[in-house]
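Student: The task is simple: from the sequences and hints, build the whole structure.
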Amino acid sequence: MASSSTSVVVSNKEKENKNTKKVTLKSSDGESFEVDESVAMESQTIKHIIEDGCANNEIPLPNVTSGILSRVIEYCKKHKEAAGESEPSVTSYTSNSTTNPLTEWDTEFVKVDQNTLFDLILAANYLDIKGLLDLTCKTVADMMKGKTPQEIRETFHIKNDYTPEEEAEVRKENQWAFE
Amino acid sequence: MMSHLPVEIITEILSRLPVKSLLRFLCVSKSWYALIKHPDFIKLHLHRSIETNRDRTLIIGKLITGVPRYFFSVHFPTENHFDNAFKLHQPLYRRGKLVEILDYCHGLVCIHHWIDEIAIWNPLIRKYRMLSKEPILKPSGFTYSKSSKIGFGYDLCNDDYKVLRVTAFYNIGQPLKEFEVKVYSLRSHSWRKIEDQWPKKECSISSNSVSLNGALHWLIAENTYTPYDTDLTDFPRGAECLLAFDLGTEKFRVFKTPVQKEVGLVTRLEVLKGQLCFIVSADLGAESVWLMKEYGEASSWTQVYKIERGSVPWTFTYCKPLMFSENEKKVLLDMHQLFQTKLVWYEIEKKRCERVKIQNLPNWFCTAICVGSLLLLDGDNVIDPAEQKKKRKRNESPSEVPNPNLLGKQ
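As given, the protein sequences belong to chains A and B, one line each in that order. Per the numbering used here, the first sequence starts with residue 1, numbered consecutively. Per the numbering used here, the second sequence starts with residue 180, numbered consecutively.
Keep in mind that the hints were calculated from the coordinates and are not lab data. It is possible that part of the hints are untrue.
[Said to hold, decoys possible] Chain B residues, not near chain A, derived (Cβ > 10 Å throughout):
(1) S200
(2) K209
(3) S210
(4) I315
(5) F321
(6) F358
(7) K452
(8) C456
(9) S478
(10) N560
[As the list claims (entries may be wrong)] If you only want the chain B side, here are some residues facing chain A, beta carbon under 10 Å, derived:
(11) K199
(12) W211
(13) S479
(14) T481
[Stated by the list, open to error] Here are the computed lysine-lysine pairs in the DSBU-like style, where the Cα-Cα straight-line distance is at most 30 Å:
(15) B:K266 x A:K172
(16) A:K111 x A:K138
(17) B:K521 x A:K130
(18) A:K159 x A:K138
(19) A:K147 x A:K77
(20) B:K521 x B:K499
(21) A:K159 x B:K209
(22) A:K111 x B:K199
(23) B:K199 x A:K172
(24) B:K216 x A:K130
Glycine residues also receive a C-beta, built at the ideal position from the N, C-alpha and C atoms.
Tutor: If you want it as structure tokens, here you go:
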């Protein structure tokens, strides 16, 4: 009797340890974030570092500031939770994106200023987090859809290296798209 | 800020835009122009379009004995939402000529007027390429030729889009034929003769063509002569099988069909859910539909649904399945009747129909499905003569407000 209850206690503790294995991420400005390993592994970059056994105590992320890193961690946590809860069969029936439980949360998540949005894109790219890269790139793309070339240049500070004659020629190639 | 983003990020963002935006953004800067026109980008963008059904549009060709000037486009972002039909000018516009849709893939639609005028067209970006005319060379020893059959498809191996033209030559009363097979490559803008021999010279093409897995497919059947056949218009009615032509290896293969055709039945090929689809239609509204689950394995033909007479409130000659619904319980049918076409969702298990009502659609039409694609971005512009007329009128009339159409003109 006594031995069986001991073994039950031990296995529970083992489970707890497995569930809460943590890893520390260090931002470029020196701030440390402790997160569940499973959450951190939403990033393929971090996943490879851990699997290669190079994790040690802290993983330095010199390309990501603390402000951005905390947001990225928030994204990964939320998406990891959701992945654990939803049944695959349910998600495959959602042709309408508003029935996807995370769509609303994602929409709110990307309601940030343009600089933050671009920083999130760079972080998602560096950390190789496909879902976040998709979401942020799509957000920027949606912002761009109806705009004219001049509006795009202004919004994104791109230099126009066409002469007016050259630009007119390019416009003529697909004139109908401007109407 | 965006200029500080690495080019792979700009590529990621641009690849998520619909085609019309990208056509405008060619003007943003020279580097954006080069990026958007690059074949690797065009491929990435197409891949994204296919994944997400971006810019998904039905292309409707009006079938009419008369003057089919226009096609129509119907944007349908989701299964339940079909926009109104908009007039779309097509590149083979000529008075009084019937233009038909041959086949389509990757946002390209191959259209033709009989066989001599063939064009590959990207309707969503309004560009096209006209195929050069290619003579038919009749081999000695044969008197007659049947009208050529053509197929259009994607060559996976060479990343090329090709048109295949098959012409059968025959002598009256003789079962054997000779075949000339020529292929046109969009990359090289030229025709070439195919060397591989037609595998069954007693059979000729008896169906439309479909493209899948880098190969073109037709049903071919033996010619059986009855007292009612006139040799010049013989319709192959004998034993049937499926012919595949691999656009990469340029070799023919023959497969078995799931059922043998009986008198009075019509058989057709389609592509559904990325698989070869074989359809047997009886008169006036009954069909059984088969899919080749494993490409190349005749044993994998599986009947996926049947439309029985009476389960549909209309009689029809033939239903072309366009796509399954996401949950695969319904299939979208292009239902052909006499001089009429209907678009219908058919619920497979419940055997129920729901008509798709779209505004401004012609009565009788054929369909193609396109997604957003920049293929043929360097093609010729499809010009609408009515628009040209309007522009000329605008340029001629003086006005105080600067006319944007005159900007940049010499």
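Student: Run every hint past the structure and note whether it holds.
Tutor: Each hint, compared with the structure:
Listed as outside the interface, S200 of chain B is inconsistent with that label: its C-beta sits roughly 5 Å from the nearest C-beta of chain A, within the 10 Å cut-off. In this structure K209 of chain B is not separated from chain A by more than 10 Å, as the shortest Cβ-Cβ distance comes to only about 5 Å. Not every CB of chain A is more than 10 Å from the CB of S210 of chain B (nearest about 8 Å), against its label as outside the interface. With a closest Cβ-Cβ approach of about 36 Å to chain A, I315 of chain B is found to remain outside the 10 Å limit, as its non-interface label requires.
With a least CB separation of 47 Å from chain A, F321 of chain B remains clear of the 10 Å interface cut-off, as annotated. In this structure F358 of chain B is separated from chain A by more than 10 Å, as the shortest Cβ-Cβ distance comes to about 41 Å. Residue placement check: K452 of chain B keeps its beta carbon more than 10 Å from all beta carbons of chain A (closest about 15 Å). Against the 10 Å criterion, C456 of chain B stays outside the reach of chain A, whose nearest CB is about 22 Å from its own CB.
Under the 10 Å C-beta cut-off, the non-interface status given to S478 of chain B relative to chain A holds; the minimum distance is some 29 Å. Its beta-carbon lying about 8 Å from the closest one in chain A, N560 of chain B breaks the requirement of being farther than 10 Å from that chain. At its closest, the beta carbon of K199 of chain B sits 5 Å from a beta carbon of chain A; the interface hint therefore holds under the 10 Å criterion. Nearest Cβ of chain A to the Cβ of W211 of chain B: about 8 Å, under the 10 Å cut. The hint holds.
Violation of the interface hint for S479 of chain B is found here, the shortest Cβ-Cβ separation to chain A being roughly 24 Å, above the 10 Å cut-off. Interface hint at T481 of chain B: violated, since its Cβ lies 21 Å from the closest Cβ of chain A, which is beyond the 10 Å cut-off. Taking the CA atoms of K266 of chain B and K172 of chain A, the gap is near 21 Å; set against the 30 Å cutoff, the hint holds. With a C-alpha separation of about 13 Å, the suggested pair K111 of chain A and K138 of chain A falls inside the 30 Å cut-off, and the hint holds.
With a C-alpha separation of about 41 Å, the suggested pair K521 of chain B and K130 of chain A falls outside the 30 Å cut-off, and the hint is violated. For the hint linking K159 of chain A to K138 of chain A, the alpha-carbon distance of about 23 Å falls within 30 Å, and the restraint holds. Taking the CA atoms of K147 of chain A and K77 of chain A, the gap is near 34 Å; set against the 30 Å cutoff, the hint is violated. For the hint pairing K521 of chain B with K499 of chain B, the CA-to-CA distance comes to about 11 Å; that is within 30 Å, so the pair holds.
Note on K159 of chain A and K209 of chain B: the hinted pairing holds, with a Cα-Cα distance of about 10 Å set against a maximum of 30 Å. Restraint check for K111 of chain A and K199 of chain B: the C-alpha separation of about 26 Å stays at or below 30 Å, so the hint holds. Between the alpha carbons of K199 of chain B and K172 of chain A the distance comes to roughly 14 Å, so the proposed pair stays at or under 30 Å and holds. A C-alpha spacing of about 25 Å is found between K216 of chain B and K130 of chain A, which places the hinted pair at or below 30 Å, so the restraint holds.
Checked against the numbered hints given earlier, the structure breaks hints 1, 2, 3, 10, 13, 14, 17 and 19 and satisfies all the rest.
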